[in-house]
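Put together the whole structure using the sequences plus the hints.
Residues -26 to -1, 1 to 256 (mature numbering (1 follows the signal peptide of the UniProt record, and there is no 0)) make up the sequence shown, in order.
None of these hints come from the bench; they were simulated from the model.
Check each hint, because a few of them may be wrong.
Unchecked claim - Derived SDA-like pairs: lysine to any residue, alpha-carbon spacing no greater than 20 Å straight-line:
| hint | residue 1 | residue 2 |
| --- | --- | --- |
| 1 | Lys130 | Gly59 |
| 2 | Lys100 | Ser34 |
| 3 | Lys99 | Phe30 |
| 4 | Lys130 | Leu142 |
| 5 | Lys62 | Asp83 |
| 6 | Lys99 | Asp175 |
| 7 | Lys99 | Asp148 |
| 8 | Lys62 | Ala80 |
| 9 | Lys62 | Lys100 |
| 10 | Lys100 | Cys11 |
| 11 | Lys100 | Glu116 |
| 12 | Lys100 | Thr47 |
| 13 | Lys130 | Gly146 |
| 14 | Lys99 | Arg144 |
| 15 | Lys130 | Asp175 |
| 16 | Lys62 | Cys11 |
| 17 | Lys172 | Gln203 |
| 18 | Lys99 | Pro7 |
| 19 | Lys62 | Gly117 |
| 20 | Lys130 | Trp61 |
| 21 | Lys62 | Tyr82 |
| 22 | Lys130 | Leu141 |
| 23 | Lys100 | Ala80 |
| 24 | Lys172 | Trp61 |
| 25 | Lys130 | Lys100 |
| 26 | Lys130 | Gly40 |
| 27 | Lys62 | Asp127 |
| 28 | Lys130 | Glu140 |
| 29 | Lys62 | Thr133 |
| 30 | Lys100 | Tyr12 |
| 31 | Lys99 | Gly40 |
| 32 | Lys100 | His89 |
| 33 | Lys99 | Tyr184 |
| 34 | Lys172 | Phe217 |
| 35 | Lys62 | Tyr145 |
| 36 | Lys99 | Val9 |
| 37 | Lys99 | Leu8 |
| 38 | Lys100 | Leu142 |
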Amino acid sequence: MVNHWPLTLLLGLGILAITSFTVSECQEFIDDPLVVCYFSSWAVYREEHGDGKGVFDVDSSRGYPGIPPDLCTHIVYGFTGLSNGTWKIEVLDPWNELCADDPHCADYDHGPCNHCAFNRFIDLKKSNQDLVATVAVGGWNEGSEDYSMMAADPEKRQTFVDSVCELLERYGFDGLDFDWEYPGARGGNTEDHDNFIKLLDMLRARFDQYQPPKILTGALAAGRQNIDQSYDPEGLQRNMDLFHIMAYDYHGAFENFTHHNAPLCQYPLDEGNMTWFNVVSK
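Laid out in structure tokens, this is it:
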């Protein structure tokens, strides 16, 4: 069951602000804050600069810096993807993420499996029993078209949901972070707005069958245009345990001027749509 609707803002590496609807709930989160961290799996492929400090891994077992198990309350492993052949969730980097003896390694044609990152990620819970370890599906590079096609078809939705549950059970993840960027955009269509909620309804129903229930979170757009186009807030609230708002996308290298990456408030010189690109904008 979804017991509350906390809102988390992704600012840089972690979650720096949390709010909710009632004073009592707000005080609860202030007293016991959530710190949600994302781990980008491609960090293991950073160039080594002499001492190897450019590389960052799930843990230190391979001789590189790893995730401190007590740093975060929640850690999200990014990313898995969606196969447009089977319509199942798929491992994107079996070489890094699966073990050589994993029977599911044969499901992929990306080469051999080796580094067991999924298993090592879940093993972080041995050092912090309260840690919530989830896996993300999607991301910018995955695009939107395949997710749109899957969400529009009841049979494809069912296939996807079944495969998600199988993957979570197989590796021991506590839940799924859905990062569809974005419903209704980048190859999607207007029906994505409603179909996304149909998909989330199915995931929520399945996740609630576990004891304890698997958690369902979302990496969601921060811009007003994408929010209006992509999301049904009531449907998201009904299904998701946490919203991860991608406030770091307000400004970036895609612009021809310098601005605050994730501004809390409006900059005095902002005009037009730019007045929306901040955390407190309504």
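Cross-check of the supplied hints:
| no. | hint | verdict |
| --- | --- | --- |
| 1 | Lys130 x Gly59 | 10 Å, holds |
| 2 | Lys100 x Ser34 | 14 Å, holds |
| 3 | Lys99 x Phe30 | 18 Å, holds |
| 4 | Lys130 x Leu142 | 18 Å, holds |
| 5 | Lys62 x Asp83 | 15 Å, holds |
| 6 | Lys99 x Asp175 | 28 Å, violated |
| 7 | Lys99 x Asp148 | 11 Å, holds |
| 8 | Lys62 x Ala80 | 15 Å, holds |
| 9 | Lys62 x Lys100 | 29 Å, violated |
| 10 | Lys100 x Cys11 | 18 Å, holds |
| 11 | Lys100 x Glu116 | 32 Å, violated |
| 12 | Lys100 x Thr47 | 14 Å, holds |
| 13 | Lys130 x Gly146 | 24 Å, violated |
| 14 | Lys99 x Arg144 | 16 Å, holds |
| 15 | Lys130 x Asp175 | 14 Å, holds |
| 16 | Lys62 x Cys11 | 25 Å, violated |
| 17 | Lys172 x Gln203 | 16 Å, holds |
| 18 | Lys99 x Pro7 | 19 Å, holds |
| 19 | Lys62 x Gly117 | 16 Å, holds |
| 20 | Lys130 x Trp61 | 6 Å, holds |
| 21 | Lys62 x Tyr82 | 12 Å, holds |
| 22 | Lys130 x Leu141 | 16 Å, holds |
| 23 | Lys100 x Ala80 | 29 Å, violated |
| 24 | Lys172 x Trp61 | 16 Å, holds |
| 25 | Lys130 x Lys100 | 36 Å, violated |
| 26 | Lys130 x Gly40 | 37 Å, violated |
| 27 | Lys62 x Asp127 | 13 Å, holds |
| 28 | Lys130 x Glu140 | 15 Å, holds |
| 29 | Lys62 x Thr133 | 6 Å, holds |
| 30 | Lys100 x Tyr12 | 19 Å, holds |
| 31 | Lys99 x Gly40 | 14 Å, holds |
| 32 | Lys100 x His89 | 19 Å, holds |
| 33 | Lys99 x Tyr184 | 19 Å, holds |
| 34 | Lys172 x Phe217 | 17 Å, holds |
| 35 | Lys62 x Tyr145 | 16 Å, holds |
| 36 | Lys99 x Val9 | 15 Å, holds |
| 37 | Lys99 x Leu8 | 16 Å, holds |
| 38 | Lys100 x Leu142 | 17 Å, holds |
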